[in-house]
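Visitor: Sequence:
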Amino acid sequence: MTIEAIERVAASSWPTAERTTVGEWVLSAGDGFSRRRNSAAPCGPLPGDVERRLDDVAAWYTVRGLSPLYRITPTCDPAIDRILDERGYRLEAPVSVMTRALDGVEPVLGVASSPVATEAWVATELEALDVDRSLAGPWLATIAAVPSPASFVTSLGDDGAAGAGFGVVGEGLLGVFEVAVRPGERRRGHAKRIMEALHAFGVREGATRAFLQVAEDNDPALNLYRALGYEPLYRYWYRRGDA
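Offset between the sequence shown (1-based) and the numbering used here: plus 129.
Each hint should be verified, as a subset may be incorrect.
Said to hold, decoys possible - Okay, the calculated beta carbon distance ranges per label pair:
#, residue 1, residue 2, range
1, Leu220, Asn352, 37 to 47 Å
2, Arg316, Asp346, 10 to 20 Å
3, Gly194, Met130, 34 to 44 Å
4, Leu285, Leu220, 32 to 42 Å
5, Glu133, Trp366, 12 to 22 Å
6, Pro174, Ala356, 24 to 34 Å
7, Asp371, Pro207, 16 to 26 Å
8, Ser163, Thr247, 33 to 43 Å
9, Glu248, Pro278, 19 to 29 Å
10, Glu153, Ala344, 26 to 36 Å
11, Ser163, Ala230, 39 to 49 Å
Keep in mind that the hints were calculated from the coordinates and are not lab data. Quick caveat, the model's predicted, so the values are computed rather than measured. All residues carry an ideal CB built from backbone N, CA and C; glycine is no exception.
Work out the full structure, taking the sequences as your base and the hints as a guide.
Guide: Next comes the structure, spelled out in structure tokens:
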């Protein structure tokens, strides 16, 4: 498993409305919903005309009504982060990418799963994530474009659906995304149950490792993932300029 493979699977699992390339850099835009779907990935070595490249990228986002945003990963030349900082781009949302082996998983009770996002799954996820209803359209469009094989899992509580999440398998990897639990149902084991169900799905689809992305300030999630055997592999963050 390589960082490049994780980045490929993560990008394909979380589709965007518009994508183009400028040299080796990949620019994505998706109605302003989520940083990943609306950021540039400045992969590879710095181009000789980096200052002009940055101006072109800023213009590309500006005409779409978005502020220029870069996602800085270990696949980038380290100098790009320094250059963006010197240009006044603000650091945002540091994320830890964690992984674990998939082996010996057991069937999970108390969950429902589907290869596509059902109405019940969508309703549970929107409430658990507290998605701004003005962004529900772009969010739903993203979910509808998630590739196969995928599993959309709902954890069931005494009063119905309590939490949800989904996973996608590609290149022998299980990517875990959007695991969330409704506020009144938290700290009752639902997130752990969703994770275990996704692990079982990954094994059935031939995945040997799982990965996920978690905000570095999300202590409850970090504690859960560590307890499930996840370990940090790398980190990334964003740099945002003015619109």
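Visitor: All the hints need checking, so say for each whether the structure fits it.
Guide: Results of checking the hints against the structure:
no., hint, in the structure
1, Leu220 to Asn352: 37 to 47 Å, "24 Å, violated"
2, Arg316 to Asp346: 10 to 20 Å, "18 Å, holds"
3, Gly194 to Met130: 34 to 44 Å, "37 Å, holds"
4, Leu285 to Leu220: 32 to 42 Å, "40 Å, holds"
5, Glu133 to Trp366: 12 to 22 Å, "18 Å, holds"
6, Pro174 to Ala356: 24 to 34 Å, "39 Å, violated"
7, Asp371 to Pro207: 16 to 26 Å, "24 Å, holds"
8, Ser163 to Thr247: 33 to 43 Å, "22 Å, violated"
9, Glu248 to Pro278: 19 to 29 Å, "21 Å, holds"
10, Glu153 to Ala344: 26 to 36 Å, "27 Å, holds"
11, Ser163 to Ala230: 39 to 49 Å, "28 Å, violated"
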